[in-house]
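2 protein chains.
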Amino acid sequence: MNHPASTKDRILAAAESLFAQRGFEGASLRQLTAAAGVNLAAVNYHFGSKERLVEEVFRRRLDALNQRRLAALARVAGRDDTTLEQVLDAFIRPALELSHDDHGALFMRVLARAFAEHDDRLRQFLSENYGHVIRQFTAEFAHLLPHLSKAELYWRIDLVTGALTHAMSGFGMIQRKGDVSESAHREQTVAHLVRFAAAGLSAP
Amino acid sequence: MNHPASTKDRILAAAESLFAQRGFEGASLRQLTAAAGVNLAAVNYHFGSKERLVEEVFRRRLDALNQRRLAALARVAGRDDTTLEQVLDAFIRPALELSHDDHGALFMRVLARAFAEHDDRLRQFLSENYGHVIRQFTAEFAHLLPHLSKAELYWRIDLVTGALTHAMSGFGMIQRKGDVSESAHREQTVAHLVRFAAAGLSAP
DNA sequence: CCTATGCTCAAACGATCGTTTGATTTTCCT
DNA sequence: AGGAAAATCAAACGATCGTTTGAGCATAGG
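The listed protein sequences derive, respectively, from chains A and B. To convert, note that position 94 of the first sequence is 94 in our numbering; the numbers rise steadily by one, no gaps. Numbers given in our numbering equal positions in the second sequence, counted from 1, plus 1000.
What the hints contain is simulated information worked out from the structure, not anything from laboratory work. What you are looking at is a predicted structure, and each value in this text was computed from that prediction instead of being measured. All residues carry an ideal CB built from backbone N, CA and C; glycine is no exception. Certain hints may be false.
As the list claims (entries may be wrong) - Label-pair restraints from in silico Cβ distances:
hint : chain 1 : residue 1 : chain 2 : residue 2 : range
1    : A       : 184       : B       : 1084      : 23 to 31 Å
2    : A       : 158       : B       : 1009      : 30 to 38 Å
3    : A       : 184       : B       : 1135      : 28 to 36 Å
4    : B       : 1147      : A       : 56        : 42 to 50 Å
5    : A       : 158       : B       : 1143      : 28 to 36 Å
6    : B       : 1059      : A       : 188       : 19 to 27 Å
7    : A       : 74        : B       : 1067      : 47 to 55 Å
8    : B       : 1181      : A       : 187       : 27 to 35 Å
9    : B       : 1009      : A       : 44        : 27 to 35 Å
10   : B       : 1037      : A       : 74        : 54 to 62 Å
11   : B       : 1143      : A       : 188       : 49 to 57 Å
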């Protein structure tokens, strides 16, 4: 590992921070390269274009995050006694663990931006590379909520995933409770978000 | 009432649509004025600047929306038997009624963007002009949820309002169920969102 | 009818954007 | 050590951004 962080890594770190702060269009390559301490042309040299840099920022975190989500899902899904709460836990816990790291919390803000912006190219990239994750969770939700129509289920999943992403994007700033340990607080938060998401998905 | 819509109104309508589609920075004044069928300079003539146009887009909808929210809140708040669900209904129902209009649904998308972007100027404008609404609802929530710390309550309110805005921003596209009347469907949706929001606010 | 006022228009302003260029420096292999 | 390959650099490219200008058009009041 490079003790002086490589140019690529410094660009990726600065991009994550600036994208979270000013958005993908709002953060210019000149601000970005200045913050990273590299030359302006370095972005196009190492990544080809700004758009591909955006994709790499997502890839760096989402590969590991979604792998852990699928692993957690495999542990609970497909059984006769699988509960909605278990599936939601598999979706929420890996993301919340990521967002407890400072840089991870920044990335969740970036993810929340991607959700809000309706950039067709970005949605296509996310769908192509990580669509199978949502699809596997959706299949499990459909099995657990058979009384919902397809359209209604899709809308509720979009509602819940958007809400969860928003929730964890504002998470880096209110940690450290002091009276309870960090792991206990995290466990409380997971339980709270699972109940929240379950209420968004399940019908009365 | 101008039968041929005035230049100002045509700019506001086109701005609402383009801001929802491409964001505040992403929508240029040239795209905007072309869509509105007016001259490029008309924006700066009638509104002074692009930033003030953004503010007017919000003002046009939020004045009425928040007035109805406060009126609904006044009808249920401050009593001994006030429930969390009643307060949430007062917050949710006016917004959902707005989002059932096509243009209203577009505006909810604009509102969701304002939530995701951390533009300081925009947040200050919204806080200055509509902060008292959130503050009044927050006071009622604090009264109904006395066991929550201030920081925890604020975080949960931010979580829930963000989730609700996101929910109603994607609402224009899945209406018309066919088998149930529109008002019945709306009533179902209100009930669903109220339960969802209540789960996000209340502790176990 | 004439003029003052409100409005629209094409054109241009300077600034900033993402990207490219070509030269220069650094790195690594034989 | 020497030379190919990789990386960094300052500078410039054309495009597009929000904004301003000044002339031209409309219309209502005296």
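Evaluation of the provided hints:
no.	hint	result
1	A:184 <-> B:1084: 23 to 31 Å	26 Å, holds
2	A:158 <-> B:1009: 30 to 38 Å	32 Å, holds
3	A:184 <-> B:1135: 28 to 36 Å	32 Å, holds
4	B:1147 <-> A:56: 42 to 50 Å	45 Å, holds
5	A:158 <-> B:1143: 28 to 36 Å	33 Å, holds
6	B:1059 <-> A:188: 19 to 27 Å	40 Å, violated
7	A:74 <-> B:1067: 47 to 55 Å	51 Å, holds
8	B:1181 <-> A:187: 27 to 35 Å	44 Å, violated
9	B:1009 <-> A:44: 27 to 35 Å	43 Å, violated
10	B:1037 <-> A:74: 54 to 62 Å	55 Å, holds
11	B:1143 <-> A:188: 49 to 57 Å	23 Å, violated
Taken one by one, the earlier hints fail for this structure at numbers 6, 8, 9, 11, listed in ascending order.
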